[in-house]
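> Please put together the full structure from these sequences, using the hints given.
2 protein chains.
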Amino acid sequence: MGERNKRYFVGIDVGGTHFAIGVVDGEGKLLAKHTMPTGAGRPFGVIVKEMADTAKRLVVRAGLAESRIGSVGIGVPSTIDSKTGHLIFANNLDWRDLDLIGEFRKSWDVPVYVENDADCAALAESMDDAAKGKNTLLITFGTGFGGGLIMNGKIFKGGDNSGFEPGHFVLFHKGIQCTCGNYGCVEAYASVSALVRQTKEKMQACPDSLMWKECGADPEKVNGRTAFDAAKKGDAAAKEVVDAYIVYAALSIANLVTLFRPELIIIGGGLSAEGDYLIKPLYETAKSRIYAGELLGMPPIVPARLGNDAGIIGAALLGTVHI
Amino acid sequence: MGERNKRYFVGIDVGGTHFAIGVVDGEGKLLAKHTMPTGAGRPFGVIVKEMADTAKRLVVRAGLAESRIGSVGIGVPSTIDSKTGHLIFANNLDWRDLDLIGEFRKSWDVPVYVENDADCAALAESMDDAAKGKNTLLITFGTGFGGGLIMNGKIFKGGDNSGFEPGHFVLFHKGIQCTCGNYGCVEAYASVSALVRQTKEKMQACPDSLMWKECGADPEKVNGRTAFDAAKKGDAAAKEVVDAYIVYAALSIANLVTLFRPELIIIGGGLSAEGDYLIKPLYETAKSRIYAGELLGMPPIVPARLGNDAGIIGAALLGTVHI
Numbered sequence: 001m002g003e004r005n006k007r008y009f010v011g012i013d014v015g016g017t018h019f020a021i022g023v024v025d026g027e028g029k030l031l032a033k034h035t036m037p038t039g040a041g042r043p044f045g046v047i048v049k050e051m052a053d054t055a056k057r058l059v060v061r062a063g064l065a066e067s068r069i070g071s072v073g074i075g076v077p078s079t080i081d082s083k084t085g086h087l088i089f090a091n092n093l094d095w096r097d098l099d100l101i102g103e104f105r106k107s108w109d110v111p112v113y114v115e116n117d118a119d120c121a122a123l124a125e126s127m128d129d130a131a132k133g134k135n136t137l138l139i140t141f142g143t144g145f146g147g148g149l150i151m152n153g154k155i156f157k158g159g160d161n162s163g164f165e166p167g168h169f170v171l172f173h174k175g176i177q178c179t180c181g182n183y184g185c186v187e188a189y190a191s192v193s194a195l196v197r198q199t200k201e202k203m204q205a206c207p208d209s210l211m212w213k214e215c216g217a218d219p220e221k222v223n224g225r226t227a228f229d230a231a232k233k234g235d236a237a238a239k240e241v242v243d244a245y246i247v248y249a250a251l252s253i254a255n256l257v258t259l260f261r262p263e264l265i266i267i268g269g270g271l272s273a274e275g276d277y278l279i280k281p282l283y284e285t286a287k288s289r290i291y292a293g294e295l296l297g298m299p300p301i302v303p304a305r306l307g308n309d310a311g312i313i314g315a316a317l318l319g320t321v322h323i
Numbered sequence: 001m002g003e004r005n006k007r008y009f010v011g012i013d014v015g016g017t018h019f020a021i022g023v024v025d026g027e028g029k030l031l032a033k034h035t036m037p038t039g040a041g042r043p044f045g046v047i048v049k050e051m052a053d054t055a056k057r058l059v060v061r062a063g064l065a066e067s068r069i070g071s072v073g074i075g076v077p078s079t080i081d082s083k084t085g086h087l088i089f090a091n092n093l094d095w096r097d098l099d100l101i102g103e104f105r106k107s108w109d110v111p112v113y114v115e116n117d118a119d120c121a122a123l124a125e126s127m128d129d130a131a132k133g134k135n136t137l138l139i140t141f142g143t144g145f146g147g148g149l150i151m152n153g154k155i156f157k158g159g160d161n162s163g164f165e166p167g168h169f170v171l172f173h174k175g176i177q178c179t180c181g182n183y184g185c186v187e188a189y190a191s192v193s194a195l196v197r198q199t200k201e202k203m204q205a206c207p208d209s210l211m212w213k214e215c216g217a218d219p220e221k222v223n224g225r226t227a228f229d230a231a232k233k234g235d236a237a238a239k240e241v242v243d244a245y246i247v248y249a250a251l252s253i254a255n256l257v258t259l260f261r262p263e264l265i266i267i268g269g270g271l272s273a274e275g276d277y278l279i280k281p282l283y284e285t286a287k288s289r290i291y292a293g294e295l296l297g298m299p300p301i302v303p304a305r306l307g308n309d310a311g312i313i314g315a316a317l318l319g320t321v322h323i
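Chains as they are written, first to last, in our numbering: chain L, 1 to 323; chain U, 1 to 323.
A couple of the hints might just be wrong.
Remember, identical chains collapse to one label, so a pair may be satisfied in a single copy or spanning two.
[To be verified] Below are the BS3-like pairs computed for lysine-lysine, each with C-alpha atoms no more than 25 Å apart in a straight line:
1. LYS154 <-> LYS29
2. LYS134 <-> LYS56
3. LYS49 <-> LYS280
4. LYS157 <-> LYS132
5. LYS157 <-> LYS134
6. LYS221 <-> LYS200
7. LYS83 <-> LYS287
8. LYS132 <-> LYS154
9. LYS280 <-> LYS134
10. LYS154 <-> LYS134
11. LYS83 <-> LYS154
12. LYS174 <-> LYS280
13. LYS174 <-> LYS200
14. LYS49 <-> LYS106
15. LYS239 <-> LYS280
16. LYS280 <-> LYS232
I should point out that these hints are in silico values taken from the structure, not numbers from a laboratory.
Listed below in structure tokens is the structure:
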């Protein structure tokens with residue numbers, strides 16, 4: 001196929017706070033990218049129209065005609081019926097039972113594919129050399145605790161095709177309530193949102209902690225790095241927050257290893273920037289809590305290669321997988 | 001193939017306390033069966049020789065020549081490497097890293113297949129009309145908490161082929177120690193062994209409970225039915241034991257539904273004899289703890305059709321699947 005006929009793909013990664021749009025070539029190379037606030041409180045139709053309009057403008061900005069776009073892929077932090085693309089439940093956006101494809105095509109009549117955002121990211125990351133051919137689990141630490149599992153080259157969608165929800169198995173029977181309505185979910189303990197809550201709670205209890213300085217003495221400015229940054233400077237209260245958080249995250253991963261035995265685990269989301277400071281203790285703690293770890297071994301944990309772009313690229317690649 | 005050339009299969013279901021041997025035809029019909037104590041403290045070689053010798057005698061008792069046996073299948077409550085049949089770790093038997101196939105063939109030189117016992121039971125149960133073509137999860141409440149998952153007609157063995165261990169994901173972070181060495185495993189709360197422990201603990205705290213009468217005032221005679229029987233007669237302490245146990249079992253099942261979304265759940269093991277008294281509250285409680293239960297629905301829970309014979313029949317059928 002000549003350069004002139006080369007097809008491009010649009011990927012949209014919808015997050016709880018922001019959505020990111022990218023234009024990608026058939027090999028997953030990102031040519032243009034734009035990020036903007038999701039504005040999650042607004043009506044669904046308004047948000048989706050904004051996505052479609054922004055995507056079309058980005059295609060122009062990338063120097064391409066709309067006709068060169070083979071398809072649009074959308075990754076949503078939601079349970080998706082893969083057969084129909086129907087959006088079943090996105091707890092962090094409070095979206096349920098919605099026809100995202102139909103809504104999008106009101107603004108842009110193009111083939112549209114929808115999948116869970118973590119599944120999209122897993123698809124993109126699983127194309128890395130280190131992951132190729134391996135059954136790979138991607139865990140994304142973000143507003144939620146997302147996970148995508150690639151088994152035998154395909155997105156693992158569960159027995160009834162409604163997906164795999166690693167952020168919502170119950171880690172603490174009588175735990176705090178999750179945004180999904182259930183109690184004690186992984187996401188309520190091991191997401192970045194949970195880490196922010198845990199950081200704020202410890203700050204209230206420890207007025208002398210360095211964490212106050214890290215966030216400019218403004219609890220509203222606490223983010224996923226606050227406790228990590230203060231802990232690295234030796235703050236004891238921050239270290240407690242980080243240590244407890246790592247146990248929650250490690251237990252979540254250990255349970256997934258016991259059940260799914262992936263060959264490689266990739267960590268994505270903002271927290272993956274912590275590198276070995278996060279990954280080394282995460283690996284060791286998870287290894288100590290999997291079934292028969294000494295005999296079966298703990299699969300390696302590596303940071304995501306594509307960073308925050310994995311969601312966009314994987315969403316865009318949905319078109320290449322389906323076509 | 002004429003009746004004279006018809007092949008038969010031997011299935012051995014190895015449990016923590018007893019093992020059962022059966023001779024089965026190619027359609028899974030049980031022709032002869034024998035059960036005996038495992039004697040789990042004895043050397044591995046002695047136990048395996050006894051299995052092989054007993055199996056050979058049973059074949060004779062069934063009126064068959066040894067040459068009519070196509071293969072022997074053994075189901076073990078163990079992690080198995082399916083490619084080699086190597087036994088990796090059976091926590092309830094304290095067996096690890098053993099060549100069960102080689103050991104068995106010292107006594108009987110016949111094709112031998114080994115799989116996890118719950119996987120064998122799931123294979124047998126999944127051939128029922130109600131389960132046929134469905135992605136089916138079998139949960140076995142026994143000495144351990146076993147589980148087998150049939151996805152797309154095959155035993156789900158995890159990404160690295162070492163299996164799926166639903167009894168050993170961590171349900172309680174700081175929970176009691178499991179026989180596998182880990183803490184807070186499902187098996188330490190939701191197996192029949194755990195129920196027996198929970199029953200004894202409540203009896204110690206409640207000297208007036210009807211549970212004492214149910215076990216002839218002998219705590220050594222407590223079994224999985226003691227609390228259920230007393231609860232049905234209105235004993236409050238027994239009801240507390242049963243209610244708490246059902247929550248543990250339901251949470252375990254709910255987590256598996258959130259991750260695997262099976263289309264049907266089959267309950268096996270001795271406890272399945274409790275029927276609706278167990279299954280109804282188990283279903284309702286699990287439904288309340290799965291992710292997005294109102295939108296995705298809770299798969300039905302039904303009792304095993306084959307009862308305790310599922311393990312034998314499924315083990316025997318391993319030969320028909322492999323051949």
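> Taking the hints in turn, state whether each one holds.
Hints versus structure:
1. LYS154 <-> LYS29: For LYS154 and LYS29, only the intra-copy Cα distance (21 Å) is at most 25 Å; the inter-copy one is 37 Å.
2. LYS134 <-> LYS56: Neither way: LYS134 and LYS56 sit 36 Å apart in one copy and 42 Å across, limit 25 Å.
3. LYS49 <-> LYS280: For LYS49 and LYS280, neither the intra-copy (43 Å) nor the inter-copy (46 Å) Cα distance is at most 25 Å.
4. LYS157 <-> LYS132: Intra 19 Å, inter 20 Å, cutoff 25 Å: intra and inter.
5. LYS157 <-> LYS134: Close inside one copy (17 Å) and across copies (15 Å); limit 25 Å.
6. LYS221 <-> LYS200: within (10 Å within a copy, 52 Å between copies)
7. LYS83 <-> LYS287: between (36 Å within a copy, 24 Å between copies)
8. LYS132 <-> LYS154: both (12 Å within a copy, 24 Å between copies)
9. LYS280 <-> LYS134: within (21 Å within a copy, 40 Å between copies)
10. LYS154 <-> LYS134: Both, since 11 Å and 20 Å are each at most 25 Å.
11. LYS83 <-> LYS154: Answer is both; intra-copy 14 Å and inter-copy 22 Å each pass.
12. LYS174 <-> LYS280: For LYS174 and LYS280, only the inter-copy Cα distance (22 Å) is at most 25 Å; the intra-copy one is 29 Å.
13. LYS174 <-> LYS200: both (21 Å within a copy, 24 Å between copies)
14. LYS49 <-> LYS106: Within one copy only: 8 Å inside, 71 Å across.
15. LYS239 <-> LYS280: within (15 Å within a copy, 45 Å between copies)
16. LYS280 <-> LYS232: Classified as within: same-chain Cα gap 14 Å, cross-chain 51 Å, threshold 25 Å.
Hints 2, 3 from the list above are not met by this structure, while the remaining hints are.
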